[in-house]
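Dock chain R against chain U, hints included.
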Amino acid sequence: MARAVSFNKKLVNTLIVGLIGFLIFFPILWILILAFKTENDAIKAPLEVLFNTGWTLESFTTVQGRSDYFKHFSNSVIISVGSTLLGLLIAVPAAWAMAFVPGKNTRNLLMWMLSTKMLPPVGVLVPIYLIFRDLSLLDTRTGLVIVLTLMNLPIIVWMLYTYFREIPGEILEAARMDGASLKDEVLYVLAPMAIPGMASTVLLNIILAWNEAFWTLNLTSANAAPLTAFIASYSSPEGLFYAKLSAASIMAIAPILIMGWFSQKQLVRGLTFGAVK
Amino acid sequence: MATKASRSAARWMISPSVVLLLGWMIVPLALTLYFSFLRYNLLMPGDNPFVGWENYYWFVTDPSFSDAMVNTLILVGGILLITTIGGIGLALLLDRPMFGQGIIRIMVIAPFFVMPTVSGLVWKNMMMNPVNGVLAWIASVFGAQPVDFFGDIPLLSIVLIVSWMWLPFATLILFTALQSMDQEQLEAAEMDGASWVNRFFYLILPHMARSITVVVLIQTIFLLATFAEILVTTNGGPGTATTNLTYLVYVSSLLQYDVGMGSAGGVIAIILANIVAIFLMRMIGKNLDA
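Top to bottom, those sequences are chains U and R. The first sequence begins at 1 in our numbering and counts up by one. The second sequence begins at 1 in our numbering and counts up by one.
Quick caveat, the hints were computed from the structure, so don't treat them as lab data. Just so it is clear, the structure is predicted and the values come from calculations on it, not from any experiment.
Listing some non-contacts, in silico: residues in chain R with all C-beta distances to chain U over 12 Å:
1) THR61
2) MET69
3) ASP148
In silico DSS-like links for lysine-lysine, alpha-carbon gap of 30 Å or less:
4) R:LYS4 with U:LYS183
5) R:LYS286 with U:LYS104
6) U:LYS265 with U:LYS117
7) U:LYS265 with U:LYS9
8) U:LYS117 with R:LYS286
9) R:LYS4 with U:LYS104
10) U:LYS104 with U:LYS117
11) U:LYS265 with R:LYS286
12) U:LYS265 with U:LYS10
For glycine and all other residues, C-beta sits at the position ideal for the given N, C-alpha and C.
Here chain U stands alone, though its shape is the one from the complex (with noise of 0.2 Å):
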């Protein structure tokens, strides 16, 4: 901006836009609050709990010890990261080659891929769910890592993409015109040049697989549910469960809100196929 603004025009914008802002985030907050007190607080009205209840951590251990909480986390680590890490393996090189060597039908194969992610996953649901069966991989994390590889294996190879083609090509050149051998030209001028855009990619797919709520919920029974369907277990709930519900959430939320804070310009990035920078 090239003008001066006002101070009391900023306060102004301020004010507004951060209501604005902090309505939207309340719903997080209020968990975050409720997490922390007992189940018979957690019912009381708004301003009740805020001023006139003390803090527990009460239902952290009581969601723990209710149903193995730190098994189900494990599951959405296992499977986020091992559907990321092995769709990058698969992509990697995909990505490469189309960056890189360009051919007629490049532009075409990317359209293709992107085309799978249109599939609505109801669409076939019914013959994975079958397939799954009939090879004993429902409700195990195998199968889920397979599943969450292969649908996320276009958004992967497309974001690599995009990031690659933005190394200029000429660089190789002068690097090999210099005399730097296949080992040094991967190592000091490929790599940092390439790192940056897949570790957001990693970023932005592990976000992607912890938050998916298809395939984990109609996949998985027990064994291999990760917090999206053990969460899904409070629909059903016995009694009180407010506090202990946000506990459980909180735990499942805030990894990913981590993350995801650090991931903001890649998620527009890699969530439109690069068509908004």
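Using the frame of chain U, we list chain R on its own:
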């Protein structure tokens, strides 16, 4: 500069992705199509005879299908309306000079990272519950009758919850688009006496048009698949009040074990999503050439 050798190497590097995606797409698609023409119920063992269009006929003529189509339309349309208009407004507000913009932006974006089952349950219980919910408390402070969200307006309640999750997405993308706006052009227009309304409709909106289209198309693809929020809040009820197409297919295939019927519904869902996808792909393709 690509040599023959590097071309064949490239082909090898690309093939794993292609083969896997081909398998992921073609095999289940072919099976869905095949099942949709069979009388195939997991509860009735025996052979599965070919029945032609029968599954489609029963799926489409079932009153719950028309309910589901209307609900899908309201769900997708309502959420799109709220998130795009809200997103444009919020993006414009965020673009103004203010203190602590980073922190405010973080608060606005946060809901997008909340998993669908958490948003559904937290809104249903902590926010919208007619006795203990925060919204009921606010109503009582103003002396109003608390709204029984899931009793009286179940579909609208789900529209609100899912909008809360997608508003940050729209805001973030439209805000990104807004930041690439030419500030000098705006100032010149202002100096020439263009009112705020004129600047918005003749400069800002045309600049954002592309991004708005992208937001609408991408959200439509994802919103057609809304599932978890419905599962944890209403189970599609009361009756079929909150059953969308995705949920209906889930009910017929995984709850009623009717593979044939579920597959027919799946094929219909694919056709619907493809209509949207064609437009989206065209937009993304254009950008790829640029």
